[in-house]
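J.: What follows is the residue order along each chain.
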Amino acid sequence: MAHGWAIALASFSYLGLLFAIAFHGDRRAAAGASLIASPTVYALSLSVYASSWTFYGSVGRAAVGGIGFLPVYLGPTLMAALWWIVLRKMIRISKDNRITSIADFIASRYGKSALLGGLATVIAVIGVVPYIALQLKAVSASLALLTSYPALAPQDADAGPPWSDTALYIALLLAAFTILFGTRHLDASERHEGMVAAIAFESLVKLFAFLAVGVYVSYGMYNGLGDLFTQAAALPALRSLLTPAGGGEAPTYGGWAWLTLLSMLSILLLPRQFQISVVENVNEDHVRRASWLLPLYLLAINVFVLPVAFAGIMRFPGGGVDADLFVLTLPLLGQQHALALLVFIGGLSAATGMVIVETIALSTMLCNDLVMPLLLRIDRLGLRRRADLSGLLLGIRRAGIVLLMVLGYSYSRVAGEAYALMSIGLISFAAVAQFAPAVLGGLFWKYGSRNGALLGLAAGFAVWLYTLLLPSFAQSGWLPASFLDQGPFGIAWLRPRELFGLQGLDPISHAMFWSMLVNIGAYVGVSLTGRQSLMEQTQARRFIDPWTHAGDMGPDSVWRGSAPAEAVLGLLRRFLGASRGEEAYARFQRENARRGAAADAELVHFAEIALAGAIGAASARAMLASVVQEEALRPDEVLAILDESSQAIAHSRELEQKSRELERTSAELRAANQRLTELDRMKDDFLSTVTHELRTPLTSIRAFSEILRDHPDLPAAKRADYLDIVIRESERLTRLINDLLDLAKIESGRAEWHAGPVDLAQVVRDAANASSQLLRERDIRLELDLPPSAPPVCADRDRLMQVMLNLLSNAAKFCDPADGRIAVRMRQEDDSLRVAVRDNGPGVRPEDREIIFDKFRQGGDTLTGKPQGTGLGLPISRKIVSHFGGMLWLDPAPGKGAQFIFTLPVAATVEASP
Amino acid sequence: MSNKVLAAQRLAALFIAGWLLFNYPLLALLGGLGTVAGMPALFLYLFGAWAALIVLVALTLEGRDSGKRRVPPTGD
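Protein sequence lines correspond, in order, to chains U and X.
Sequential numbering from 183 applies to the first sequence in the working numbering.
Sequential numbering from 47 applies to the second sequence in the working numbering.
Errors might be hidden in some of the hints.
Stated by the list, open to error - With a Cα cut of at most 30 Å, we get these calculated DSSO-like pairs of lysine-lysine:
(1) K1061/U with K1078/U
(2) K900/U with K995/U
(3) K628/U with K50/X
(4) K995/U with K865/U
(5) K271/U with K840/U
(6) K1061/U with K995/U
(7) K1061/U with K50/X
(8) K927/U with K1061/U
(9) K277/U with K50/X
Claimed, not checked - Here are a few chain X residues that face chain U, going by a calculated C-beta distance under 10 Å:
(10) N49
(11) F61
(12) P71
(13) A74
(14) T81
(15) L88
(16) I100
(17) V101
Honestly, the hints are just simulated from the structure, not real lab data.
In this text, all values refer to a predicted model and were calculated from it rather than measured experimentally.
For glycine and all other residues, C-beta sits at the position ideal for the given N, C-alpha and C.
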C-alpha cells in the first residue's frame, strides 16, 4: 500500500477538521456560548491520557508481558475515585489564584517562589521529552509501515541523516499545528476552549479506531474472543502471559503495584493532564462525570488489547514484526486498507492530541516560570521600556513549542530505537511522579515548606536522572555500556539499575523506590526542621483550605502600601496587550465601584492575579513589587506594634500568675477538706471507743451486783470478793470518766492551768512517794537519779504530778513481773530539763510507738490481752507537757524495756524570781 | 453526616477496595484459576472488577443521594 498521497490527504484533512473544530470552539467561547460547558466533553478531553502509548504501545507490551500493561489504566481509575476530594480542591485553588500550570501550582503553594517554579519547569520539560519522543516514534513508524507494506519496515535500521527522516518533518508539522492551536493569542487565564473541543473529538476518533480494529481481529479473523483465547491457550508461550507475574517481561506483583501507583500520580500530575483537568476546567461539578466516564473510556479502549496482541503473536510467530505495530499490521494482513487507514488516523489522532496539549502546557510553563523570571531579573530595565510585552510572551511560547518538539525528536533518535513505546513512557511517568510529595503534601499538609519542596524535588529528580534517563542513553550506545554493567568508573555499588546493590526490582520500581525515598525524606525532613516565611504561611493556608479562604482574597494578600493606578494599568497593558489590559482594568473598576471600596491594595492584588495568568505567580509578584511603593514602617508604628505585643506579654504573665495562685488555693482547699473528713472519722471512732470503754466496767458491776442480789446465801468470802470487784470496777469507771473530762477540757482549751515556777526534781520525788505503795505491792525497785539542784520550770505543779504518776504507773504495769526495776533520771540540757522513766518490761513494738499516744490505744495485741488502764493516760500526759512548751515521746532505748522521755523548758529568770 | 461528607467517605472506601482488588494477593488467586468458558479467568476478573468499580463511583457521584443539587420533586 504505497498510496502516499492518499495517506497525506487523509492526514491533512483530519488535522484540518481538528483545526476547524478548534476554531469553531474559540468563536463560540468568544460569543459566550461555550462548546465545552458539558461534563461529557470534559471527561472526553481528559482522555488525552490515552496517547500513542495506549494506541500502539499497550499491544506491544501485552505481547511480551501479558496482562501487565493494565496497571497503567487501573491507576487512573483508582485516582478518579479520589478526584472528587483531590482534583476538585486543586481546581478551586487554581481558579482562585489564576494558576496556569503544575509548576505554577507548586511555586504558588510554597510562597510564590520563582526558584521552585523554575526547578519544577526544568523537571517537567526534561521528564516529558521522552514521552513526546514516544509519540513521534509511533507516528513515524506507523507511517513507514503503511507506505512500505507489504515489505515490513526493517527494525533497528539506521534512520539516516535527520533531513531524510520523516519523524523530523512530523515533529515540525506538529509544532506548527500546535502553535496555530494554542498560541494564536494571549489569554489571561490560559484557557483554550477550541483546543479542548478538538481534543474531545479526537478522543472519540481514537476510541472508535481502536474498537474497530479490535472487533475486526476478534470477530473477523477469529470467531469471537472465546475462540481467540482458546487458540492462544494452545501455545505454551502465550499461556504464561495470562498470569500477572507470568515470567518473561511481565511485571512482578511489586512491579504491578508500583505501576499502579505511578499511573495514579501521572493522571493527576502530568503537565497535559493538569492543563486539561484543572486549567481548562469550566465547572468544578464536571468532575463528577469525569470520575467514572474517563475510567469507562479507558476500559473500553483496553478491552481488545490482549486479544489483538495474541492474534498478532499467532499470525507473526517469528517475531519479525514489531509488536508495537500489531494494531496496524493485522488489518493490512487482512487486506483491509480502509481499516488500516482509519487505524493510522486514530494513532495520529492520539499522538497529535497528546503533543498539542503537552507542548502547550510545557511552553506556558517554560515562559511563565523559567524564561520570564530570568529575563525580568537579568534585563529588567530593557523589558520595562517595552510598551507591549504580549508579543514577546507569545514569541517565547512559540519558541518553547518548537524547542520541545526538537528535543523530543532528538531523544527519539538517540534512545528511541532501544526501547518499546511503553518503556519510554514510563520514564516520563517516573519523572512527573516527583511532583507528588510537593503537590499532594502542599494540598493536605500545612507545614510543607519551600525549602523542603525545593530539596525534595531536586533530590528526587537527580535520582530519576541517574537511574532512568542516563541508563536509557547507555542502552542506546550514547554512554558506554559498562556504565550499566559495571557502574560509573567501575564502581559496582553505583550501578544505576542496582543502586547500592539493590537487586531484584525492575528498573521502574527500582528508580521509584530510591527517588521517592529521597524526595519524601527531604521534603518532610527539611519542612519539619525549618520555618516557613510569612508568605509561605499565607499561601499554605489558602491551599489547605480553599473553601474557607475563598471570600477574603483581598486584603490578606500581604501587600501593604500603594501603587499609582497608572503604573498598574501600564503593567497590565504591557503583559496582556493593550486592549485586554484595559478591559481587565475596566472590569476591576466596575466591580470595585459596585462594592463601593477603593483600596489601593485591592487594585494591586487584582493586577497580581490577572498577571499571574499571563506570566506566572512568581513573575507577577516580582513585577508588581517593582511598581508598588511598599511603605516602610514608621518608627511610631513600630513602637505601637512593640507596645501591643509587650502588653500582650504582660497580660499573659498576669494570667499565668493568677492561674498558679488558683492552683495553690485549690490544693489548700483539698487538703483542708481531707483533714475535715479525717477529723469527722476520728470523732466517730472516739465516740464508739468511749462507749465501749464505759460499757465494759458497767457490765461487770451490774453482773456482780445482780449475783449478790439474787443469791443472799452466798458465803461471806465470796461475797466480799464480788464486792471488791464491784468497787474496783466503779473506781475504774470513775477514773475513766475523770480522764475523759480532763482530756475534753484540755482539748477544748477550757482546762484550768495554774502556771508558776515549779521545782521539777521535787515533783519527781513526790510522785515517787505517792507511788511507793503501788510499787511495793508489785515488788518493784525504783531508782531515782536527780541532780542536786536544777532551775525551776514554769508549769502547773498538779498537772506535772499527774504526768509523773501516769508514767510511773505505766512503767509499773509493764515491768518485769519477777524482778521489776524502774529508773527515773533527770538532767538539764541547755534551756530545758529532761526526765526519762525507764522500765525493764517487754518494751513497745516499733509499730506501736506512736499509736500508744492516741486515745484508747494501748500497746500489744488489744484483741487478746486484757487491757490495763484507761488508755487515756499517755495522750493526756502528752497534751500537758506540750501545753508547757515541752515534748513527750517514747525513746527506742537500746536493750530491754521502754523509756519514756519528756522535756520542759527552763523558766525565764524574771519569771523564776517571785 | 452530610451527604457531601458521606460521598467523600464512600469514594475513599471505593479507592481502598479498588486498590485491594487490583493487587496482590487477589490477583495471584485469580491468576491461578485458568480459564472460564474459554476466556482467561484473570482477564474476566480484571475487567469485571474494573466495570463494577466504575459503576459504584458513578452511583456515588451521580446517584440519588450524592449531595448533588437537585430540583425538588414537584407534585405529590
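J.: So, for every hint listed, does it hold in this structure?
T.: Taking the hints in turn, this is what the structure says about them:
1. For the given pair, K1061/U sits about 27 Å from K1078/U by alpha-carbon distance, which is consistent with the 30 Å threshold.
2. Between K900/U and K995/U the alpha-carbon distance is near 27 Å, which keeps this suggested pair within the 30 Å criterion.
3. Of the pairs offered as hints, the one joining K628/U and K50/X holds, with about 23 Å between alpha carbons and a cut-off of 30 Å not exceeded.
4. Taking the CA atoms of K995/U and K865/U, the gap is about 29 Å. The hint holds against a cut of 30 Å.
5. At most 30 Å may separate the alpha-carbon atoms for a hinted pair to count; K271/U and K840/U exceed this at roughly 45 Å.
6. Of the pairs offered as hints, the one joining K1061/U and K995/U holds, with about 22 Å between alpha carbons and a cut-off of 30 Å not exceeded.
7. Restraint check for K1061/U and K50/X: not satisfied, since their Cα atoms lie roughly 78 Å apart, outside the 30 Å limit.
8. Proposed proximity of K927/U and K1061/U is supported: the alpha carbons are some 11 Å apart, at most 30 Å.
9. Note on K277/U and K50/X: the hinted pairing holds, with a Cα-Cα distance of about 21 Å set against a maximum of 30 Å.
10. Using the Cβ-Cβ criterion of 10 Å, the hint placing N49/X at the interface with chain U is not satisfied: the shortest such distance is roughly 12 Å.
11. Annotation: F61/X was flagged as interfacial toward chain U, and the flag holds, the nearest CB pair being 4 Å apart, inside 10 Å.
12. Annotation: P71/X was flagged as interfacial toward chain U, and the flag holds, the nearest CB pair being 8 Å apart, inside 10 Å.
13. Hint status for A74/X: holds, given a least beta-carbon distance of 7 Å to chain U, under 10 Å.
14. Of the supplied interface hints, the one on T81/X holds, with its beta-carbon coming within about 7 Å of a beta-carbon of chain U, less than 10 Å.
15. Look at L88/X: its Cβ gets to within about 6 Å of chain U, closer than 10 Å, so that hint holds up.
16. A least Cβ separation of about 5 Å between I100/X and chain U falls short of the 10 Å threshold, and the interface hint therefore holds.
17. Annotation: interface hint on V101/X holds; nearest CB of chain U at approximately 8 Å, less than 10 Å.
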